[in-house]
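Engineer: The whole structure should be built from the sequences, with the hints applied where relevant.
Residues 15 to 383 (this note's numbering) are what the sequence shown spells out, left to right.
Calculated directly from the structure, the hints in this document are not laboratory data. C-beta: ideal position from N, C-alpha, C; glycine also. One thing to keep in mind: the hints can contain errors.
Stated by the list, open to error - Quick list of the computed label-pair ranges, beta carbon to beta carbon:
hint, residue 1, residue 2, range
1, Ala369, Ala319, 18 to 26 Å
2, His313, Pro183, 39 to 47 Å
3, Glu383, Asp264, 48 to 56 Å
4, Asp350, Arg211, 40 to 48 Å
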Amino acid sequence: MSQPLITPRRATSTKPRKIRHSTTTIGFVNLGCSKNQVDSEIMLGALVTEGFQLTDDPQQAEVVIVNTCGFIEEAKQESINTILEHGHLKKAGTCRVLIAAGCLAQRYQGDLRKELPELDAVVGTGEFGKIAEICRDLLTPKKRHRRLWMSQPPYLYDELAPRVRLGTPHSTYVKIAEGCNRNCAFCAIPLMRGKQRSRPVESIVAEARRLAHEGVKEINLISQDTINYGVDLGLRQGLVQLLRELVKVDGLRWIRPFYLYPQQVTDDLLDLYAGEEKITKYMDMPLQHISDHMLKRMHRLGDRAAIESLVDRIRTRIPGVSFRTAFIVGFPGETDAAYKELYEYVEQSQFDRVAVFLYSDEEGTSAVE
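Structural biologist: What follows is the structure in structure tokens.
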């Protein structure tokens, strides 16, 4: 779902920075998930710090940036349609530069350059930190020949990055890691975001302290694989270590982790959920399917028995827990019997929130190959 630019209260950072002055106006459209939203907030923070003027009226923008989503077919089409829609502003409005950034840009860089001549630049997920420099280059006639800014995505923001927060003032997302090491057969995220890269505990805690000082009461911890946080840093039960530090931050009332992979949920983690007031009694855990056959085809760890045991354990150890999960239907090889098994499991399990996604072929994934 698209989110037009919300004019910020201010760009925040713990590090003093010299603000440049510019009369160039920037329009920004954010598409996709909460992780994309954080990327947009970081790009907006960099632009504001470099003196660009933000506008929520695309007709008045000299530079328009579309932060795209490329997760499933429907999201890809929305991204392309949004680019085309704003491409008309180059003829009818003040737009001089149109940029596609984000996941679709990272994954389909060549196709976008070829099929969408409206675009002046394609900026991948590894180049968000350079967005202000890229905009300045594109506004300089001698440098406009370059249209592609792309690298393997090593970029990972830290607590010093200026950030323009979108949404409500009391709640925000904090991205604790980027990328994913898993090989789920249906998922193209590793192709767009690379291998997992976790932020240090100290960086995340410092950001949480700053946010609390600004009046934020709830932080939502997000990444592609939150339960696996810190594995690349050599941490054992990294999420547990992180949560133990975050609950000490004065001013925060709620801490809500998202996207927990089921097979690595430990008793230590459940004890934290049960015993710490600041950690919400909310379990966000995509299960994807319940049929043993389908779980194996999807390259998911575990089986039905393990999932049922875990769900029971969570509900026993965290009284009153609210449980959200997600499933995929229509995955290659799903029989009527497997679908019925999933349907009956969802019906009997009485989850508090359930999202069901129709399988979408994604190039480069093992489900397609």
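Engineer: Work down the list of hints and note, for each, if the structure agrees.
Structural biologist: Status of each hint after checking the structure:
1. Ala369 x Ala319: 18 to 26 Å: Because 23 Å falls inside the window, the suggested range holds.
2. His313 x Pro183: 39 to 47 Å: Cβ of His313 to Cβ of Pro183: about 41 Å, so the range 39 to 47 Å holds.
3. Glu383 x Asp264: 48 to 56 Å: Given about 50 Å between the Cβ atoms, the range holds.
4. Asp350 x Arg211: 40 to 48 Å: holds (41 Å)
Comparing the model with each numbered hint stated earlier shows that all of them hold.
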